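Student: As given, the protein sequences belong to chains A and B, one line each in that order.
Going by full-length UniProt numbering, the first residue of the first sequence is number 1, and it counts up by one from there.
Going by full-length UniProt numbering, the first residue of the second sequence is number 1, and it counts up by one from there.
What the hints contain is simulated information worked out from the structure, not anything from laboratory work.
All figures in this text were calculated on a predicted structure; none of them were measured in a lab.
Backbone N, C-alpha and C fix where the C-beta goes; we use that ideal spot for every residue, glycine too.
All the pointers check out, no bait thrown in.
Now the stretches of chain B that chain A is said to cover, found in silico as 3 or more residues with beta-carbon under 8 Å: (1) 79-91; (2) 182-189; (3) 269-279.
In silico SDA-like pairs for lysine to any residue, Cα to Cα no more than 20 Å straight-line: (4) B:Lys167 / B:Leu307; (5) A:Lys170 / B:Val259; (6) A:Lys113 / A:Ile163; (7) A:Lys170 / B:Val183; (8) A:Lys170 / B:Glu261; (9) B:Lys167 / B:Arg245; (10) A:Lys113 / B:Glu261; (11) B:Lys281 / A:Phe102; (12) A:Lys170 / B:Trp278; (13) A:Lys113 / A:Tyr95; (14) B:Lys115 / B:Leu127.
In silico contact screen, one side only, chain A against chain B (beta carbon under 8 Å); selected entries: (15) Pro37; (16) Ile40; (17) Phe101; (18) Pro115; (19) Lys170.
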Amino acid sequence: MPISDRQLAAVKAALFLLCLVPLARLGWDAWRNALGPNPIEAIQRGLGLWTLNLLVITLCVTPLRRLSGWAWLVRLRRMLGLYAFFYAALHFANYLWLDQFFDWNEIGRDILKRPFITVGFAAFVLLLPLAATSNRHALRRLGGRRWQALHRSIYPIAILAVIHYWWLVKRDVATPALYAIAVLALLGLRALWRDRERREQLAGKYAPQQPPRVRGRIIPIVSQRK
Amino acid sequence: MGTKARNACLKFEMADKRIPPSEITPLQIYRERRRFIGAAGALALSGLLPAAASAQGLPGRKSALSTLEPPTPRDDIVNYGNFLEFASDKFGHVERSQAMAVRPWTVTVDGLVAKPRRFAIEDLLRLPLEERIYRHRCVEGWSMVVPWVGFPLASLLKQVEPLGSAKYVEFVSHADPAIMPNVRRQLLDWPYLEGLRLDEALHPLTLLAVGLYGEVLPKSNGAPLRLVVPWKYGYKSAKSVVAIRLVEREPRTIWMKGVPEEYGFYANVNPAVDHPRWSQKRERRIGEFFKRDTLPFNGYADQVAQLYAGMDLRKSF
Numbered sequence: 001m002p003i004s005d006r007q008l009a010a011v012k013a014a015l016f017l018l019c020l021v022p023l024a025r026l027g028w029d030a031w032r033n034a035l036g037p038n039p040i041e042a043i044q045r046g047l048g049l050w051t052l053n054l055l056v057i058t059l060c061v062t063p064l065r066r067l068s069g070w071a072w073l074v075r076l077r078r079m080l081g082l083y084a085f086f087y088a089a090l091h092f093a094n095y096l097w098l099d100q101f102f103d104w105n106e107i108g109r110d111i112l113k114r115p116f117i118t119v120g121f122a123a124f125v126l127l128l129p130l131a132a133t134s135n136r137h138a139l140r141r142l143g144g145r146r147w148q149a150l151h152r153s154i155y156p157i158a159i160l161a162v163i164h165y166w167w168l169v170k171r172d173v174a175t176p177a178l179y180a181i182a183v184l185a186l187l188g189l190r191a192l193w194r195d196r197e198r199r200e201q202l203a204g205k206y207a208p209q210q211p212p213r214v215r216g217r218i219i220p221i222v223s224q225r226k
Numbered sequence: 001m002g003t004k005a006r007n008a009c010l011k012f013e014m015a016d017k018r019i020p021p022s023e024i025t026p027l028q029i030y031r032e033r034r035r036f037i038g039a040a041g042a043l044a045l046s047g048l049l050p051a052a053a054s055a056q057g058l059p060g061r062k063s064a065l066s067t068l069e070p071p072t073p074r075d076d077i078v079n080y081g082n083f084l085e086f087a088s089d090k091f092g093h094v095e096r097s098q099a100m101a102v103r104p105w106t107v108t109v110d111g112l113v114a115k116p117r118r119f120a121i122e123d124l125l126r127l128p129l130e131e132r133i134y135r136h137r138c139v140e141g142w143s144m145v146v147p148w149v150g151f152p153l154a155s156l157l158k159q160v161e162p163l164g165s166a167k168y169v170e171f172v173s174h175a176d177p178a179i180m181p182n183v184r185r186q187l188l189d190w191p192y193l194e195g196l197r198l199d200e201a202l203h204p205l206t207l208l209a210v211g212l213y214g215e216v217l218p219k220s221n222g223a224p225l226r227l228v229v230p231w232k233y234g235y236k237s238a239k240s241v242v243a244i245r246l247v248e249r250e251p252r253t254i255w256m257k258g259v260p261e262e263y264g265f266y267a268n269v270n271p272a273v274d275h276p277r278w279s280q281k282r283e284r285r286i287g288e289f290f291k292r293d294t295l296p297f298n299g300y301a302d303q304v305a306q307l308y309a310g311m312d313l314r315k316s317f
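Next up, chain A with everything else stripped away, as it sits in the complex:
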């Protein structure tokens, strides 16, 4: 289903506003004092959860595009990824400011000594280069292949984010487990597709009269250097 540039612009505008809803709700609840007895914890949880949600949604783009054939979906991916970074940055800022109140000693110790914070911090640091190279300019400078290789680090980032959540809860890991399943399914699907493409390419190599039926990008498996 191809769509016009105007339609895409409308979809993008709607998505832009939609992604602000969780933040607006947190702000509204904070304003009317409805965040419960522990508002700082509520803010921290809300921002963290939406970072994770947006990471998962970003990871959904490629599978959705392949399954639906809607190529334009990929043009929403940058905004979703940047929103994931945006919520992660707010989550981190809230930790530094409201939660620890810039107690750098304590923050340093937390990052080094508390595995769940170490992992969360690592995920945030890994997000930085992705956010920095999200513009067209960086894509051109890096070149498509290198850019893509760099941006595949969203896979370990998503895994680290789930671990961060998993290690935080006291006993009941039911919700982190749901996120783990979602992330593993989305990554597993990619692995599966990749493997299938590889095999189809191999088959194509030995039967050149039948070109492999491939939808989406082709992953080269043979060394380019000859």
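Dock chain B against the given chain A, drawing on the hints supplied.
Tutor: Structure of chain B alone, referenced to chain A:
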């Protein structure tokens, strides 16, 4: 009563012969009925806050053991906390715990005692009650100041006469899979079981609470009877207690069975010993913006530190 007033009463009695005295509702029942009607109305109006609706007055004598710090607002105490049988977050238990029937309720006190007994909750409510305003520190790093109403556990234990062989006390909480989702899921090895050393249990600070803020204990806070050990992390203070048992050996508590590397038997509040996953140096007092320093034994070191003289609190965490 003045003569004039008495005459007026007599006149009234004589004039109103149609209503026999037995028909007149005693004041107490009248009041309770009013309160029930009021509570029912409030319940109908605010389905969200049923805990507040069934409140009944339960005053306690002031105690010198109370802290002078300002208590956390009642709403925060009632609507935020861990009641793991009902919910894994800090809020879900409030509504779900309303399904718990707290009458009739009995507490069995047995084990290594000369006079094992089963107490009806009504008997316990008749004991001389005190208001104890205690700091409450959760192992997760938040804290409150709670005006409990209750009586020292020691006064109950003395009634059953512990034997010389009794060294520890076990507390068993109510567990009902029908109304408790996390009991149904077997999230931990239910029922909730906690324990104290006998000298800790007999310590004057150790309380059995039956009330909060001068009213009957709300269900979400562990009605009708819960343990309160203010110098230990909150999870030691078992809610909705149904059995107290005196035993010879250190009980294996529910958290020691569930996550032995993180939760020990003693669980004394200690800023110097971190939880394996987070620091215990500071805490967020509910209602305050800045974190405050956590005090050794939650600020009760003067009263309880001698109980642990010579012990390595890093090992006995």
